[in-house]
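The hints should help you fit chain B onto chain A, whose structure is shown.
Those protein sequence lines, which keep their order, are chains A and B. According to the working numbering, the first sequence is numbered sequentially starting from 1175. According to the working numbering, the second sequence is numbered sequentially starting from 1175.
Since the hints were made in silico from the structure, they are not lab data. Among the hints, erroneous ones may be present.
Because identical chains cannot be distinguished in the list, a pair is counted as satisfied if it fits within a single copy or across any two copies.
[Stated by the list, open to error] Think about it this way: if two alpha-carbon atoms lie no more than 20 Å apart in a straight line, the pair counts; the simulated EDC-like pairs of lysine to aspartate or glutamate are:
id	residue 1	residue 2
1	Lys1725	Asp1659
2	Lys1585	Asp1573
3	Lys1725	Asp1696
4	Lys1484	Asp1525
5	Lys1578	Asp1734
6	Lys1685	Asp1672
7	Lys1685	Asp1714
8	Lys1733	Asp1696
9	Lys1725	Glu1706
10	Lys1685	Glu1629
11	Lys1578	Asp1730
12	Lys1585	Asp1730
13	Lys1391	Asp1525
Read off the chains here:
There are 2 protein chains.
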Amino acid sequence: MTEPAAPAAVNRALPATGLASHLPILDWGRRYDRGTFTRDLMAALIVTIMLIPQSLAYASLAGLPPVVGLYASIAPLLLYAVFGTSRVLAVGPVAVVSLMTAAAIGNLAVPGTPEYWTVAITLAFLSGAMLLAMGLLRLGFLANFLSHPVISGFITASALLIAAGQLKPLLGVRVEGHNFVELASGLVRQLDQVHAVTAVMGGATVALLLWTRRALKPLLVRLGLPTGLADVVAKAGPVAAIALTAWVTWQFRLHEQGLKIVGTVPQGLPPLTLPSWDLGLWQQLAVPALLISVVGFVESVSVGQTLAAKRRQRIEPDRELVALGASNLGAAFSGGFPVTGGFSRSVVNYDAGAQTPAAGIFTAAGILLAALLLTPALYFVPQATLAATIVVAVLSLVDLGIFKRTWAYSKPDFAAVLATVLFTLGLGVEAGLIAGVLLSLALFLHRTSRPHIAEVGLVPGTESYRNVLRHEVQTSPQLLSLRVDESLYFANVRALEDRINEELARRPALKHVVLQCSAINDIDASALESLEAIDQRLQDAGVVLHFSEVKGPVMDRLKDTQLLRQLRGQVFLTHYQAQQQLAPAG
Amino acid sequence: MTEPAAPAAVNRALPATGLASHLPILDWGRRYDRGTFTRDLMAALIVTIMLIPQSLAYASLAGLPPVVGLYASIAPLLLYAVFGTSRVLAVGPVAVVSLMTAAAIGNLAVPGTPEYWTVAITLAFLSGAMLLAMGLLRLGFLANFLSHPVISGFITASALLIAAGQLKPLLGVRVEGHNFVELASGLVRQLDQVHAVTAVMGGATVALLLWTRRALKPLLVRLGLPTGLADVVAKAGPVAAIALTAWVTWQFRLHEQGLKIVGTVPQGLPPLTLPSWDLGLWQQLAVPALLISVVGFVESVSVGQTLAAKRRQRIEPDRELVALGASNLGAAFSGGFPVTGGFSRSVVNYDAGAQTPAAGIFTAAGILLAALLLTPALYFVPQATLAATIVVAVLSLVDLGIFKRTWAYSKPDFAAVLATVLFTLGLGVEAGLIAGVLLSLALFLHRTSRPHIAEVGLVPGTESYRNVLRHEVQTSPQLLSLRVDESLYFANVRALEDRINEELARRPALKHVVLQCSAINDIDASALESLEAIDQRLQDAGVVLHFSEVKGPVMDRLKDTQLLRQLRGQVFLTHYQAQQQLAPAG
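The shape of chain A in the complex, shown without the other chains (with noise of 0.2 Å):
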């Protein structure tokens, strides 16, 4: 869909200033103005109509009623209008947030009891408060340690397993398991115990969606429609689905031959609810909730980036963590579940033309009055269709490709993507995160303690030193030159000592070592520390140490220190220099 010219005045990211740079609501509200409204509203209709039954899906994967899908769809949309700083992102439950609630809550609560959805009420406050403290702390850089590989194998793996979790209500049989060998081989065992009209019922609503998703839209503009109309069509597809599969279930009365129905939904205003205060709870839930937030403030970065880019717009990654955070602590004062922003929502909601977080205020009144007035038709609607919804949506999160890509690139990234899925099918979604974060943590620090050092020589005819491995160079026996490319500091400046004391075993006749230090941007204490233990064993070893292309704001700090005081060596402005005065050719 090609987007339409918005108008500048609303459209352009200007500076805000005072309190508007907290509240970007001030900002873009000011300036609100007809046009913008009108798309807006029709953005907000098509993404409410997209929202209705996913909502109610993503509850039933989570354990929780169908109607808290709707009440997690309200509060934390208004309070993500009011602080987020993405023009259009949708904020709710999705199914990968969805799943680890679930996994969270499974050991502490039964399904469908009051406990656990006190239980998933309190996830989302705790949720709710850690992301805001990490706001307000400005610690959204630690997202970037969750690496592109273990979030796509986690996705991926998360994915599968909902999947296979959504067999039971799409089969009508009876599979238990935490994991997707158990589910898998459970799965196996019942295959005779089908029931029939569930599976049916369940088989057409996911042949039914995959039609609409996939063929729908190419026909109805085939057949004459506009193609934003024949889009708009084809994205109601899942409530047509809803609504067909409930009739046929009300015409035939197939709830009476053991086809499970959603049943009796309340009708009303989301209620208004308190966490639980017991602080034994709150240690069970706390790395449930740690993770949660992570895993909710990347995947709704990423979508918030992505889709700020395409109009040149952009989003603040500190304050998006506030603004997550203010919603999951709505979601829990009004009865919902750990929310964040949601991949195809978001993208449905821009290209339907959403200009403002409005369209997100009018998605929540939308929410809103089907909670009030739509809840008593859902009485009919088989659960094998909201489990047929879930099914078809995560498919398209599976990417298998991830492990070909990793495996061509880089086979650490191989080994993080291969952790990341094996312990999240085999051990669950909590143990499959940590494992995949602590896997390319470690292979991250063992990477950055080995910085690159290469020995240079001078390229003959030039004043310039390459790397003796990959160039003819001259060298000469008594001078060492090595260049360090990397800045350095505790984690890596012991490779530099070994390598120094490793040289200095090995060549008798060396009387001075240079450090070029043209790539080195800071020297942390620990690092001047080892320099001046390097500079001290070889001064013991009777050999001289030197610097040379040392950076000005290298060099003012380093004026003052030890290091300077006790350096017999000089420190040269460029390494022609310091050969030409220690090892002059010829």
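Relative to the frame of chain A, chain B by itself:
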């Protein structure tokens, strides 16, 4: 002391092959000759004299019977001689590790009981197993993440804690406490309870030790003794203090006036002992054992590297882990407790002219003789004398200058020192070390997640590009030239995304972005995906992404990726070519 020239055959580290590369003893042992033997034996004699009082004292510090200190100095020395890569490192009980041992066991058993000893043996076993595993898995780089400021702060705070804890045996007061505040306030309250005889004995011993340490050697030299002999006599100060105070105690029967003495010390070979196999205990000891392993390894490697470099030898950190692991396992099976390479004893060994690890074997034999023959002579040694030995030894570890130096040089490092010292003094050694490591790691991750990204412009009249903030350069509103001064990986690539999004939002005329990649040595899979996302977003915004000066190895890997397939822009050999083509000046 000037170092005597050593026989070249033994002293020069020749490349070892086959099994000898794993067992250094096969390397130096083959070439062992009589001259080396004499030197090693002399060094061993001096180190033995020094080690006996130290071993007794550090065992008391760890809450164990003094004789355990002798046991812990025999098998570990032998095993290190077989596996170690340093020629002169002396392994045994050291102050900080003994304090950490006491802290680890304090809550699990009562000092002086057989259970306490068993826990100490188990701690040595676990620590040995961890060191061995880290060595075999080549995880020595993990020690790099203990930054120098954290180590200095930790050792200083530990030394203060140790000294405060020794006031009890030194003054005869009853001061109990797990942290510095408790110890110090306890002391003030108990000042009127000081046991006069004990305090006089303790004070006099401290004075005597300080005097032998500082004034005795110069005095002896002035009296005409050769420097070498004066040094040996001065080194014997602690032994003399032990003999003298024991004689005074026996002569004046001071133990009948309330002076606490060492009492009966069992005579004989170290016992053959086994660790506890109680997994619950292992779990409780896991974290302390890991911390003891890492601290011991770092202390040992720094000493080893410093001394090896003086003779142009080198040590291999991963094999040092194996050697220290074997030493601690040896300690566990011969009635000892956690050990590591000690600073002062290794320096003494080196100064005394030790040439090979055989000096360690001779030292072990000397201490074995002491355990067999000398222990009855220890009966009258006052506990205050051992306390005085400890206090004098650890006060030299206190380095309050670290605060001033880090404050002047680097505020993040200062914060890490301060946190380590305060947590160690206030909450104990484990909390202090963990706080220091986590804080410095967090500061490190924070720093690495913010790579240096400079907008560059053309220096007029040249073909070279410099940071626009520091130089007078030419730029163009259509073209943005960015130079990233680090390799791109998951931890820092989001900063590049943010920066490009920001520039995109504030430059309406932008048509081309060129990334100058001269400083990029590696691009991991996350960074690759981010670059694809950046390119996609720029394309959506009508801007073309280009690269310049991509290094050969990086280009080789990029060749078959989606990034280069989807890229609309070009990869230029030089940044100048890029600008000439995209935004020709004038």
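Taking the hints in turn, this is what the structure says about them:
no.	hint	result
1	Lys1725 / Asp1659	both (13 Å within a copy, 13 Å between copies)
2	Lys1585 / Asp1573	within (18 Å within a copy, 44 Å between copies)
3	Lys1725 / Asp1696	within (9 Å within a copy, 23 Å between copies)
4	Lys1484 / Asp1525	within (11 Å within a copy, 70 Å between copies)
5	Lys1578 / Asp1734	between (53 Å within a copy, 12 Å between copies)
6	Lys1685 / Asp1672	within (18 Å within a copy, 47 Å between copies)
7	Lys1685 / Asp1714	within (12 Å within a copy, 58 Å between copies)
8	Lys1733 / Asp1696	within (14 Å within a copy, 32 Å between copies)
9	Lys1725 / Glu1706	within (19 Å within a copy, 33 Å between copies)
10	Lys1685 / Glu1629	within (16 Å within a copy, 41 Å between copies)
11	Lys1578 / Asp1730	between (48 Å within a copy, 18 Å between copies)
12	Lys1585 / Asp1730	between (41 Å within a copy, 15 Å between copies)
13	Lys1391 / Asp1525	within (15 Å within a copy, 86 Å between copies)
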